[in-house]
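Student: Chain by chain, the residues run as shown.
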Amino acid sequence: MTTAEEAGRLRQRYARRHVLARVGLYLTAIVAALICAAPFLWSLITAFKQNRDLYNPQNNPFVFNRPPTSDHVGYLFTDTEFLTFVANTLLVGVLVVLITLALGLPAAYALARLDRPWSGPMAIGIFLVYLVPPSLLFLALSRIVVAVGLQDSTWSLVLIYPTITIPVSVWLLMGFLKNIPKDIEEQAMVDGYSRVGAFVRAVLPLAYPGIIAVVVFAFTLTASEFIYALAFVAPTDQMSVSIGVPTQLVRGDVFFWQSLQGATVLVAVPIALVFTWFLDRFVAGFTMGAVKE
Amino acid sequence: MATATDTVTSPATAPARRRLADRDGLLAWGFLLPSIVYIAALVGVPFVLAIAFAFSDVTAGDPSYDFVGFRNFERVFHDPVFWRALGNTFVFTLISMVLIVVLGKVLANILIADFRGKWLVRFLVLLAWTTPVALSSISWLWLLDSIYSPIDWMLRQFGALGPAENMYWLGQPGLSMASVIVVHVWRLTPLAAVIMMAGLMAIPKDIDEAARVDGAGYWRRMFEITIPLVLPVAAVAALFGAIFTFTDMAVVRVLTRGGPNDATQVLASWAFYRGIDGGDVAQGAVIALFLFPLLLAAAVLILRAVRRIEVR
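Chains A and B supply the protein sequences, listed in that same order. full-length UniProt numbering puts the first residue of the first sequence at 1, with every later residue one more than the last. full-length UniProt numbering puts the first residue of the second sequence at 1, with every later residue one more than the last.
Just chain B, same shape as in the assembly (with noise of 0.2 Å):
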């Protein structure tokens, strides 16, 4: 059947064939073409750009280009502000990224269950991460208020708080760093969750059926197939979490612009306040510019564990 289909087809098709695969290279570049242009007009132009405002004077006020060299960077450099914003970045990151990973995972399970009313459990899980974090941040700046807070109200019922207590969540700074990480950690797991998710359910099966075919026992299995298996993924997670929380500011600008005194200030944020609010383009690039040798080290931690998953 073969050979006889290959007579009858290959001196017709061979010409055409080979005139098809001419034409895939110039196509390829005509389908990529566009993307390419858009991408390399919006984000490469502009990060030249932002490293070449970082050595300039523009502001809003003056947007005519002189080169300053190194004189942003002085000036950033003596900002108390700006190693404050450093560290809480730091901070911020470190403690949201494990937060995120080991919730994320136990949600993942949760999610990939199969169980009665799985939907509303996904329902309710997926709104912390699908609504626009301006709204929920917006939801806890109430949960999170001076006077009026819920969660005062809970904690005088059981006799925490007194009559007229209140926590100032937001108004103390080793707490309103904690309420921030908090919010941030709620609203990034599910996504975080969502990720590993779909590492989990490329696991093949049979490896840990065979694995307790052989008499493996829980922790056996746990330690010697489901961790090795999960940690790529879950490495994947960790950094997408770790890159979000890098360079957010949505949840700090809502719920506290950085104060008090600036305690939550984190890099993302003092940039937007320099650069945008104060007007002072060439501060705020500086700023932002201290976010992408990090960034660059988690992309490429990130592709090192995408190429372990493809391995396996």
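Bound conformation, chain A alone (with noise of 0.2 Å):
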């Protein structure tokens, strides 16, 4: 056999096997996306169905047996307070975005480029808040929240999340940051700006994508969080969407099923849309933070 005539039989079957390794992961990630997205194709389905429709065992859940309708979801505006709770979940969410980074960002700075001794096991001791959850916390904090006279406000969930927040940007940031070459606030030194304004004029622009990143992440952490919330805020009107959804559309025994899984997409959507966008920074950073000393 012919060198060559081996060289063209490796490339068949490199190219055969090509081709099966691209069908193979077409078929995998097709029906991996649709057991993730399963039940949120449902409830799509779901929202829009009459009630005699739905609550009938013998109609195929899949179809609109009958015409579909908007009113569940129309009821979803008019009769409850979903606007307050997405309202309220942006309010948090601006705020605690905004204090994580207030303190986030500097004490990033602090651990990664201030090089102190201490740095390395501090920035562990933070890494390590982050684990501490809040099934551990929340009977104590909900005590603090009373004393300090927050209960029942949704600014009790201003103060607290950053608690979970503060520890992860911390780490997220620092993976950014030890990215951006040290020459840079060195010349804006010898340019004459002091160690905080090269900070603040030359490292924070450039570390926008990270901040970007962090914003997303913290962001989607607190619009889910669950038990604080559950914990400390109990009139509606102070509620978040993941608490103030399924307090007001489930009544005793009564769930209001198309409204419900109308909220959930009309709440889903947005933000998985804003996570997938920022997915491989996001990824950049996690990997940063971890790997490069």
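If you're looking for bench data, these hints aren't it; they were derived computationally from the structure. For glycine and all other residues, C-beta sits at the position ideal for the given N, C-alpha and C. Hints may contain errors.
Not close to chain A: a few residues of chain B, all C-beta gaps over 12 Å, as computed [as the list claims (entries may be wrong)]: (1) Val68; (2) Gln172; (3) Trp219; (4) Arg274.
Here are a few chain B residues that face chain A, going by a calculated C-beta distance under 10 Å [claimed, not checked]: (5) Val58; (6) Phe123; (7) Ser136; (8) Asn166.
Take the two lone chains and join them into the complex the hints point to.
Tutor: Written out as structure tokens, the structure is:
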């Protein structure tokens, strides 16, 4: 057998294997996506179903056996405080993100750049705080919330949520800051800026991608938090989406199923879209924080 | 060139440098202090408080503090529901963790791959994790409904169930536990995938290529390169999953509220039920405190895994 023949056969084998691998990849990707999103796809159909269609065990749950209706989704906006919940969630999210950045950025900079002998252990210490779960703290925190007079108010969440977001954000930001060349702030300091000036004028603009990643991540965390929201906030008009929707649309044994499903889709899609958009950046930050020392 | 600039700048900058270096120490503290104070006040203090509550008679109605020693612990230990919740927590965590790691690795490979429509697949996969858990669990509540469950409908179509039969997914002890685990795994797997994706991207491509050039076959590369390199990251993902699972109560709370007959009660949900719903803060604190030793162990393991990543 000549080497040319052999090479040709090998090439063919690799080509065939390549096509098979691509087909396999597309198949697993489609199956995985469908499994992950199945409940939401179902919600989307359910949200527009008529009661007579939905509450009949014989009806095919995948299709509209009667014409679709938007009554139940409309009910969400006209007869519930859904929009208030959304506004509360946005307010809490934005404020928590601002607090997180205001405290987390300087802390991350100190740990990443101002070489102190204790910065390594301190960074790990701050990361470990992220692992202290709400379920361990919520009882004591609910007493503290009462003590500072924020019980039954959305503001209690603004106060408490940064305890979740700061540790993980510091970790992520450290990764991004370490990746910015040191020359940049040295040059800025040679140009007459102080250390703080160099941080604000030269480093922060370059850390912009990392800051965006942290904003998205912190917002997602606060929007989906459950235990604190459930434990601290009782009045309906103060609730966030994740507690307000289930409380107002489940009355005793009566579930407003279509409206619930509609609310789920309305909340889920925008958050997931934003997160998808920033996924690569977020993953990069995660890696830099863990690997680059 | 270098020597020229050195001679020009060094006399002027040397004292300035030292002053800057002196200030760096202060600055580092100034930058860190707000975060440290915040965390100490709202994580450290409540943590100590939680321990103090465990030895007290504090209730929601009577917040005055009286030390009662180990009485709360005794009461908790004599409660069969506590032992049940503890056992459930372990079952819930162990099974979920294995599934989350295995499925997370599969998902990570998909998320990392390059193909058409990648963003749509990523979007659909991430939905499960980015959606507030209370809402996504409610979607599942409908899928697992006792009468109208679409899953039952499918089973009936395939003939696995009789015409008017239902599974009662959340009404039977074993099945309800399985349901809670499935929903939880479904929700956390995308997060594990994202963590592992980060780890996979950190592995230098040339190692695999070098091995390929050296003639190492698929399985050899798998066992001698890919698995050892992925293992620390998989460990981090597993421990994150374990911690989030061990301390989670959202899925249980929404789907079953611990029922039927406390069959799906876990430590966190039982602590919430006792401490907030029942107002017995002291007992809730004792139950929640049992989460801590295991968290500590998990944290130590995470750190060791992270260190191995760094060493590489």
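Student: Please go over all the hints and tell whether each is borne out by the structure.
Tutor: Verification of the supplied hints:
Non-interface call for Val68(B) relative to chain A: holds, since the shortest CB-CB distance, roughly 16 Å, exceeds 12 Å. Gln172(B), annotated as away from the interface, keeps every beta carbon of chain A farther than 12 Å; the closest lies near 19 Å. Interface exclusion of Trp219(B) from chain A stands, the closest Cβ pair being 15 Å apart, more than 12 Å. Against chain A, the non-interface label of Arg274(B) is violated: not every CB pair exceeds 12 Å, the least being about 9 Å.
Interface hint at Val58(B): satisfied, since its Cβ lies 8 Å from the closest Cβ of chain A, which is below the 10 Å cut-off. Because the closest C-beta pair between Phe123(B) and chain A is about 4 Å apart, less than 10 Å, the hint holds. The restraint placing Ser136(B) at the interface with chain A holds, with a minimum CB-CB distance near 7 Å, inside the 10 Å limit. The restraint placing Asn166(B) at the interface with chain A holds, with a minimum CB-CB distance near 8 Å, inside the 10 Å limit.
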